[in-house]
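Going left to right, the sequence shown walks through residues 1 to 198 as full-length UniProt numbering numbers them.
There may be inaccurate statements among the hints.
The calculated DSS-like cross-link candidates involving lysine-lysine, where the alpha carbons are at most 27 angstroms apart (straight line), are [said to hold, decoys possible]:
#1 Lys110 x Lys70
#2 Lys105 x Lys83
#3 Lys83 x Lys110
It is worth saying that the hints were derived from the structure and are not from the lab.
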Amino acid sequence: MSYRYILFYKPYDVLSQFTDDDPTKAIRKTLKDFIAIPLVYSVGRLDRDSEGLLLLTNDNFVKHRLIDPKFAHPRTYWVQVEKIPDETALQQLTRGVQLSDYRTKPAQVKLLSTEPSLPPREPPIRFRKTVPTAWLELTLTEGRNRQVRKMTAAVGFPTLRLVRVAIAHLSLTGLAPGEWRDLTEVELKQLRQILGNY
């Protein structure tokens with residue numbers, strides 16, 4: 001079997017799957033609207049209202065290794081939040097946050113001094129003159145449902161925009177929303193090394 005490894009910049013308002021499981025909803029965009037390659041599937045997911053990097057493959061070993069929490073592969077996000085997080089909130093995110101049913105693992109957190117260079121989101125986020133916003137860079141080694149949004153809300157700074165910019169060493173660089181490309185030989189070699197030289 002010939003394996004494919006694809007990086008895709010998922011736009012806002014697109015499902016991280018090839019079919020829409022809910023026919024009662026209005027027509028929603030899926031991966032099928034952007035990628036016409038049979039039998040590749042997303043390694044993990046991004047919420048419909050999140051953007052950024054997805055890895056798609058038909059290699060089940062890679063898929064398993066990257067989503068199994070025991071292997072703890074980093075995922076990096078740029079997160080726009082309401083208000084300016086203080087040092088206490090940043091420390092809470094770094095140490096791990098108690099959510100309703102679990103405590104998150106420690107994370108790497110950085111308050112960005114400037115807004116990251118990203119394409120504008122369509123539609124744009126809501127803007128309120130009286131409420132400043134800030135951008136965080138957050139790196140996690142776990143990926144639970146809506147985890148980043150729950151974490152920032154738990155420390156008092158709700159997420160307005162969420163963009164995954166990296167999975168391990170793979171990044172969004174060079175891709176625009178809706179674009180995809182195959183991994184380069186170098187990227188694939190690095191991925192194999194990370195996953196145990198299979």
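**Prompt:** Going straight from one Cα to the other, do lysine 105 and lysine 83 come out at no more than 27 angstroms?
**Reply:** Answer holds: lysine 105 to lysine 83 is near 24 angstroms, not above 27 angstroms.
**Asked** Is lysine 110 within 27 angstroms of lysine 70, Cα to Cα?
**Response** Holds, at about 24 angstroms.
**Request:** With a cut-off of 27 angstroms on the C-alpha distance, tell me whether lysine 83 and lysine 110 pass.
**Result:** Status holds; Cα separation ~15 angstroms.
No hint from the list above goes unmet by this structure.
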